[in-house]
Amino acid sequence: MRRTTIPFGPQHPVLPEPLVLDLILEDEKVIDAIPTIGYIHRGLEMMVERVEYTEMGFVVERICGICSFMHGMGYCVSLESIMNVEVPERAGWLRLIWAEISRIQSHLLWLGLGADAFGFENLFMHCWRMREQILDIFEKTTGGRIIHSVNRIGGVKRDISDSELAAILVQLQELGEAFKTTARVFGTDPSIAHRLGGVGVLSMEDARAVDAVGPMARASGIATDTRLIGANFYDRIELEPVTETAGDCLARVVVRLREIDQSIDIVRQAIEKMPKGEGLPLENKPRGNPNGEVFTRLEQPRGEVLYYVKANGTKNLERFRARTPTFANIPAMIKLVKGCDLADVPNIILTIDPCISCTER
Amino acid sequence: MPNPLKLPMIPRALRNLVSKPATRRYPFEIRPRFAGARGTIEFDVETCNYCMLCARRCPAAAITVSREERTWAIEQLTCIACGVCVDVCSKHSLSMSVNSRAVHLRSEVGPQGQRPGHEEWHKPAPAATDIPAVAGVPAPAASQGA
Amino acid sequence: MTPAVYGVLFVFLAPVFGGLLAGVDRRVSARMQGRIGPPLLQPFYDLGKLLQKQARQVNPVVEPLLLGHVFFMAVSGVLLLSGTDLIFIAFVFALAALFLVLAAGSVNSPYSFAGAERELVVLLASEPFFILMMAAICKVTGASTYAGVLASPQLVAVQLPGVLLAFLLVATIKLRKSPFDISTSHHPHQELVSGLTTDMSGRMLAYVELAHWYESALLCAFMVLLFNWSVPLGLLAFAIAYALEVLVDNSTSRAKWQLVLRSTWAATLVFSGGNVLALFLLSR
Numbered sequence: 001m002r003r004t005t006i007p008f009g010p011q012h013p014v015l016p017e018p019l020v021l022d023l024i025l026e027d028e029k030v031i032d033a034i035p036t037i038g039y040i041h042r043g044l045e046m047m048v049e050r051v052e053y054t055e056m057g058f059v060v061e062r063i064c065g066i067c068s069f070m071h072g073m074g075y076c077v078s079l080e081s082i083m084n085v086e087v088p089e090r091a092g093w094l095r096l097i098w099a100e101i102s103r104i105q106s107h108l109l110w111l112g113l114g115a116d117a118f119g120f121e122n123l124f125m126h127c128w129r130m131r132e133q134i135l136d137i138f139e140k141t142t143g144g145r146i147i148h149s150v151n152r153i154g155g156v157k158r159d160i161s162d163s164e165l166a167a168i169l170v171q172l173q174e175l176g177e178a179f180k181t182t183a184r185v186f187g188t189d190p191s192i193a194h195r196l197g198g199v200g201v202l203s204m205e206d207a208r209a210v211d212a213v214g215p216m217a218r219a220s221g222i223a224t225d226t227r228l229i230g231a232n233f234y235d236r237i238e239l240e241p242v243t244e245t246a247g248d249c250l251a252r253v254v255v256r257l258r259e260i261d262q263s264i265d266i267v268r269q270a271i272e273k274m275p276k277g278e279g280l281p282l283e284n285k286p287r288g289n290p291n292g293e294v295f296t297r298l299e300q301p302r303g304e305v306l307y308y309v310k311a312n313g314t315k316n317l318e319r320f321r322a323r324t325p326t327f328a329n330i331p332a333m334i335k336l337v338k339g340c341d342l343a344d345v346p347n348i349i350l351t352i353d354p355c356i357s358c359t360e361r
Numbered sequence: 001m002p003n004p005l006k007l008p009m010i011p012r013a014l015r016n017l018v019s020k021p022a023t024r025r026y027p028f029e030i031r032p033r034f035a036g037a038r039g040t041i042e043f044d045v046e047t048c049n050y051c052m053l054c055a056r057r058c059p060a061a062a063i064t065v066s067r068e069e070r071t072w073a074i075e076q077l078t079c080i081a082c083g084v085c086v087d088v089c090s091k092h093s094l095s096m097s098v099n100s101r102a103v104h105l106r107s108e109v110g111p112q113g114q115r116p117g118h119e120e121w122h123k124p125a126p127a128a129t130d131i132p133a134v135a136g137v138p139a140p141a142a143s144q145g146a
Numbered sequence: 001m002t003p004a005v006y007g008v009l010f011v012f013l014a015p016v017f018g019g020l021l022a023g024v025d026r027r028v029s030a031r032m033q034g035r036i037g038p039p040l041l042q043p044f045y046d047l048g049k050l051l052q053k054q055a056r057q058v059n060p061v062v063e064p065l066l067l068g069h070v071f072f073m074a075v076s077g078v079l080l081l082s083g084t085d086l087i088f089i090a091f092v093f094a095l096a097a098l099f100l101v102l103a104a105g106s107v108n109s110p111y112s113f114a115g116a117e118r119e120l121v122v123l124l125a126s127e128p129f130f131i132l133m134m135a136a137i138c139k140v141t142g143a144s145t146y147a148g149v150l151a152s153p154q155l156v157a158v159q160l161p162g163v164l165l166a167f168l169l170v171a172t173i174k175l176r177k178s179p180f181d182i183s184t185s186h187h188p189h190q191e192l193v194s195g196l197t198t199d200m201s202g203r204m205l206a207y208v209e210l211a212h213w214y215e216s217a218l219l220c221a222f223m224v225l226l227f228n229w230s231v232p233l234g235l236l237a238f239a240i241a242y243a244l245e246v247l248v249d250n251s252t253s254r255a256k257w258q259l260v261l262r263s264t265w266a267a268t269l270v271f272s273g274g275n276v277l278a279l280f281l282l283s284r
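Chains as they are written, first to last, in this note's numbering: chain B, 1 to 361; chain A, 1 to 146; chain S, 1 to 284.
Quick caveat, the hints were computed from the structure, so don't treat them as lab data.
Incorrect hints may have been included.
What the hints assert, rightly or not - Below, in silico cross-link-like pairs of lysine to aspartate or glutamate (EDC-like), each with a Cα-Cα straight-line distance of 20 Å or less: (1) B:K273 to B:D235; (2) B:K157 to B:D235; (3) A:K20 to B:E132; (4) B:K285 to A:D87.
Stated by the list, open to error - Reference listing, derived: stretches of chain B covered by chain A, where coverage requires no fewer than 3 residues with Cβ under 8 Å from a Cβ of chain A: (5) 185-191; (6) 319-328.
Built from N, CA and C at the ideal position, the CB exists for glycine as well.
With the hints as extra help, turn the sequences into a complete structure.
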């Protein structure tokens, strides 16, 4: 049989990011996939040598346009642990709230893109319509829709007043309730079941073997969640990792749908538990220059992210490194793509929620 | 196996057909920016003392200040609206406006290399007697695209 | 008016009809998705813009092939209205579609090529049905031309409900609607970029669009054949069918091509085949 090589990417509408997969096809069956990354390497990590550590946070935030808040937070948490700065309590809770709202935002974005990938334009519109309202919350509270720039080393820059927090919670809960009808479509539509059910099955053993992270691992039944380590006030939140056992594309959709509800609940708990009042301290300004090295782990919407920061007592860090969840999930993706139909490739690639900009920095 | 004729999106699509659309007719109908949104940097040349702190702390290197020539300039297209300069300015000469930055065309890049989005202010040195600026006297006009 | 005049009118009015239909479709789809949607005449603006743009020809045969595609789409309408044998129309219609496959297959892009292959699969699924449909219509009415069928006292749709059902299914393919829009789509097509039309731009894309308008008009004419008592009745039936297509388009995802092939053949065999067989047995 004649073999065709289809270059999936670097420009492909399912993924507006330059990942290249050379798909080797026999008929419409994929027999091999060779990934290439590196098209948009921006050298952000190298910039630590030029940009002072106090301003580097803004650069780190721009690693990704979707989980930008978490990147900024990861950088600041790393620097805080090097410099032994304790974050004021209210600032820590605010970070947690923003992080969870950005998780909702990220999952909605992904669900919309997923729906678009299997040709369900109407569902895509509904997911993004709700996401737009979440982005409005961000613009009101941080001043930016995508790039928030509220994280500072030692705290956060802006406060959200208690009344505004209560309003946000009500709005989130209403949105969550309204989203249930859209979520039901994902779960019950026969054409979605036809496209996603049983497609790209990653067994629990395989998921362990290829070290899948985040929703990818949880959809295969592994109850892994970096939030469980309890850093950044997550130890004060009741949190049960969302897991599914099927391991197929549909299970990965369902995990993210359920995580939206979970995140709304976490925001509720956080608002209940955080110290109330106006004018509470939000920032403990660090003194001097950092010296030392640290690893930081966070649970991003896409999975576990790892930051390595090495400082040498000057204004510029010696080394900054981020390992993003997409990078960790690429082996799993390659494993799934082999042996599937060409029509399933976009869905499988999308279900890892790839962010190539994150991966290449 | 779910029933292939039961499409849960159909009632939703029909309801949308008769209800108000969620989108706006954008260029004709613009949602006002929220208070506190980060848009563009605004500068007040009168209070500036040319300390250069904003230029030094700007992560995007969008601000250039010259103490000798007493000029302050910003590249609005390079600015990332992080707000660091507003925070560090001890004279409160800088403020964050909610207006998003202007759109520029390639044709605005002029033959002499004029940069769209380049804004520059110049304040002449005070007279030797060091009389403070008189209220009501118009500030030197900000020359754009110079 | 003679049938020949109808044929000439088709050449000029069918694109207007198809373009307006596309405009209404985009508007209604947008409303179903909760958007405002483009102006009604947007498809015509789009066509105008495509014609203005510089066309990049990837090879010298694409343009003649696409012109053939438009030409034979128009010709099948002209022949239909000017009184040619209905079975012959089914073949000319298939030929027109084949030109598009050839044009898409002649370029080097793997997406375009895969789109062409899928369009071929789709043709394989739909063409047997059209031939069967025409044969069944001729059998039921005893006439073999458009005018003859319209003059027949029999209402074809009552005699051939199975064929009507299968026609709705096949029309989903021909109108490039979800769940059967596997080979190309007006939306950016996520599996195959733009499928068939990946390597076509400017003028070339305008030809494809124009041919699609002719195709919609032709499908409408086919619907009139099924509701042959009067033309307004046929138009009404087409409007209802089209509204259903738009609703389903906005309520389903895209199916895989295996399902498309299987379901269309099943529909052709079970519904229309069974329908024709039943008629044959009853008439004995």
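Each hint, compared with the structure:
1. Using a Cα cut-off of 20 Å, the hinted pair K273 of chain B and D235 of chain B holds, with the two alpha carbons roughly 12 Å apart.
2. For the hint linking K157 of chain B to D235 of chain B, the alpha-carbon distance of about 23 Å lies beyond 20 Å, and the restraint is violated.
3. Among the hinted pairs, K20 of chain A with E132 of chain B is consistent with the structure: their alpha-carbon atoms are about 17 Å apart, no more than 20 Å.
4. Between K285 of chain B and D87 of chain A, the direct Cα distance comes to roughly 13 Å. Compliance with the 20 Å bound is thereby established for this hinted pair.
5. Residues of the stretch 185-191 of chain B with a Cβ under 8 Å from some Cβ of chain A number 5, which satisfies the need for three, so the listed coverage holds.
6. Counting residues of the stretch 319-328 of chain B whose CB lies closer than 8 Å to any CB of chain A gives 0, so the stated coverage by that chain is violated, three being the minimum.
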